[in-house]
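Note that the protein sequences, when read in sequence, are chains A and B.
Quick note, the first sequence lines up with residues 5 to 167 if you use the numbering used here.
Quick note, the second sequence lines up with residues 394 to 737 if you use the numbering used here.
FYI, nobody ran anything at the bench for these hints, they're computed from the structure.
Quantities reported herein were computed from a predicted structural model and do not represent experimental measurements.
Glycine included, C-beta positions come from ideal geometry on N, C-alpha and C.
Careful: at least some of the hints might be erroneous.
Stated by the list, open to error - Pair ranges (Cβ atoms, derived):
(1) Gln-446(B) - Ser-57(A): 45 to 51 Å
(2) Asp-632(B) - Ala-27(A): 41 to 47 Å
(3) Asp-564(B) - Ser-57(A): 45 to 51 Å
(4) Tyr-140(A) - Glu-483(B): 25 to 31 Å
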Amino acid sequence: MQARQQQEHEASLEASISAWIDAEADIRPEDLDTPYGRRVWDTYHLIGDVLRSEDLAIKPSDFLYARISRAIDEEPPIVAPRVPPIRRFARAGVSGLAVAAAVAAVAWVAMPYFTTGDQVVMHAQLQAAPEAEGLYDYVAAHHDITGVGPVRQVSFEPGGGSR
Amino acid sequence: MNHPLHDCRPRQLLAPRAGRALVAAALAGSALLAHLPAQAAEPRSPEAIQLLQRMHKAARSLDYAGVYTYQQGNTVLSTQIVHVVDGTGERERVSMLDGQPREYIRHNEITQCLLPDHKVVLKERRDSERFPAVLFDEGLELATHYVLNLHDAAERVAGRKCQVLELEPRDTHRYGYRFCADKETGLPLRAQTVGPEGVLIQIVFNTLQVGSKVAPEALAPAWNTKGWEVVEVPVQEVDLASEGWRIPLPPGYRPLKQVLRPMKAGRQVKQMVVSDGLASMSVFIEAYKESGDQPREAGLMRKGAVSLYRKRIGDHWLTVLGEVPAETVRDLADRTEYVPLAVP
């Protein structure tokens, strides 16, 4: 539930930043001044610069275009309003596209605040690790190569995957 | 007046042009912010680095035998080691003295793990650096990330005199280390990992014999493995970057190894090991399964000196862990991106 609210907040933040960049709204520095806000701000500027200057751009593959198109299809409420107000349509020239591109390509970016669900703690608290069996395998695999730990614990399970 | 316009613009404008284009093409803007230039190193401490290299070389090239103890929190484990160098290279036998009986017989890069409970020999081909070897590389960059202090006063460990070398981290991306190297041979007699709250891990020799006192017969395994099942552990090299993984490493860390390895229950997991020469972390990447056959907990955890952070990225689970501060594993995970490359 909290995660969903967070997600909505982030989505509207993206739209707001897009508007701020086009000087269509007053910048709210307190909203922008977060790691995520700064990142979006920088990314949108970068995208805008690239779209305006051929020198900065590398010709993307058709695959990328296809992915962007698909993302646009899948995200009508954000990136392709069916009846956009004229004024907004005009600014879609750069920033609208920028948002689309950002949505398409940033889809896989690690965003701890809403892609990983409710369990993620916003300001990650240090939890006492429960004796989670599965996690032990990772520690063993790490020590297996680095040899730091209680010397070479082998994760071995008869009939398991190592055969 | 810290207006965001002034705060963000210059950084962007100052970004190298080629870098911008590349980053923009990949649409991975945040990667740019990840790398701050390494701070200028103070005058290097050649003597300390030389000692580290001597310690490392001693561990690989000397004949020695002894028992050492690993200690972390409430865990204490003792291990017997015999290391002999002959005409064919390095031979080593490592026996776990606590817990389940287990032996590791190594001849150069081939390691056989003997599991008497299962009558199984696990055979693995790999190069790895273990105690008493301490370095993952030449150690030439260490002075950039640690302050090295050689102590003049000798200490005594396992009945031998040793010289203390301290490495204090210059930033928060790693812990400190404290070694005591045998005066005579250079072999590390004690290795400690030191966090802000004190010693986190300690590995220390209790007994040690060096040179001609080491009998090569001691290399023979404790069990006759005739008739045991031999299982080859398949470890395949992979390249995560070419698969679209962008894993920005903290300053000083470099990738050591990238492998595809089997874990329990038939899972295939990709593992990248990174190190700054002393500290190390592993990044694990595997397919995300809704079924939940593994404990599905995202978040930051810490156990003793080991910090672990897990999160989901798209259809993958990312697990980062290592003997480093918790913030370090979390930052690495949070800056990691998956941008599958388009194949033209």
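Going through the hints against the structure:
no.: 1; hint: Gln-446(B) - Ser-57(A): 45 to 51 Å; result: holds (50 Å)
no.: 2; hint: Asp-632(B) - Ala-27(A): 41 to 47 Å; result: holds (44 Å)
no.: 3; hint: Asp-564(B) - Ser-57(A): 45 to 51 Å; result: violated (36 Å)
no.: 4; hint: Tyr-140(A) - Glu-483(B): 25 to 31 Å; result: holds (30 Å)
Of the numbered hints given earlier, the model fails hint 3 alone.
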